[in-house]
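**Student:** Chain by chain, the residues:
Number of protein chains: 2
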Amino acid sequence: MTNDRETGLVLDPKYDAAGLITAVCTHGDSVLMVAHMNAEALAKTLETGEAHFWSRSRGRLWKKGETSGHVLHVRQVRIDCDQDAVWLIVDPVGPACHTGEPSCFYRLVEGDRLARA
Amino acid sequence: MTNDRETGLVLDPKYDAAGLITAVCTHGDSVLMVAHMNAEALAKTLETGEAHFWSRSRGRLWKKGETSGHVLHVRQVRIDCDQDAVWLIVDPVGPACHTGEPSCFYRLVEGDRLARA
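Going down the list, the protein sequences come from chains Z and R.
Under our numbering, the residues of the first sequence are numbered -19 to 97, in order.
Under our numbering, the residues of the second sequence are numbered -19 to 97, in order.
Simulated from the structure, these hints should not be mistaken for laboratory data.
All figures in this text were calculated on a predicted structure; none of them were measured in a lab.
The list makes no distinction among identical chains, and a pair is therefore deemed to hold if it is satisfied within one copy or across any two copies.
With a Cα cut of at most 30 Å, we get these calculated DSS-like pairs of lysine-lysine: (1) Lys(-6) with Lys24; (2) Lys(-6) with Lys43; (3) Lys24 with Lys43.
Produce the complete structure using the sequences and hints provided.
**Tutor:** What follows is the structure in C-alpha cells.
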C-alpha cells in the first residue's frame, strides 16, 4: 500500500495529465482557497515564499495578489502521501477571495441550498 | 467578476470533465486529506454525515473508512466561490491517512527534499 513516493523524502509531485497538482491554502483553522499548481508555480512558491498558481482559465502562471496586492505569504508547504496535493500554511494580506470575502468558502451547504457561513 | 454561482444560495457544483469536484477535509487547523467527489459522493456525504468520495484509482464510490473503520464524521460542509471545491470540517475516527498517519500531509517540502512534519 506504500511506496517510495509515499514514504520517501524526495520531492516527486504526481502531476495529472494537465501537469497540475492541487494546492490548499489555510490560515489558522480556515481554508482560504483551493487552486492548482504546475511545476513552475510550485518552484516559484518555494523560491519566493509567496503563493503562485497555474490559472486554468487564463492558461498562465499567476502570482496570487499580483493585481489586487492580496498576496499570500507562505509559512510552510506540506505534501500529501501520494504527492498530488500540497497544503500551504499562509499569512494572507487582505481577503483571499476575489469576491472580497476573507475565504472563498463563505457559504455552507445545507441540502441543496447554501447559506452564509 | 461574480455571477449567480458565486453569489447565489443554490447548490450548483461545477463538476469537471470527469464529473468531479475537489474535497478538502480539515480537523482544527490540520488538513487531513484531499480527495474528489462526484454528485453521488456529495449527496451521500450530505445525507449520512459521513464523508464519501469518488475513488479515481478504483473507479467507484468510496465511503472513507469502509474497510479501516476510520470514518470522517462531517460537522460542516462549505463550498467555494466558483463551486468546484468543498471544504469538510470533520471529526476523524482514527488516522485519516492509509499510511497510519493522522493526516496525509505528514511531510514538509524544503526545496527538493521532504522532511517529517
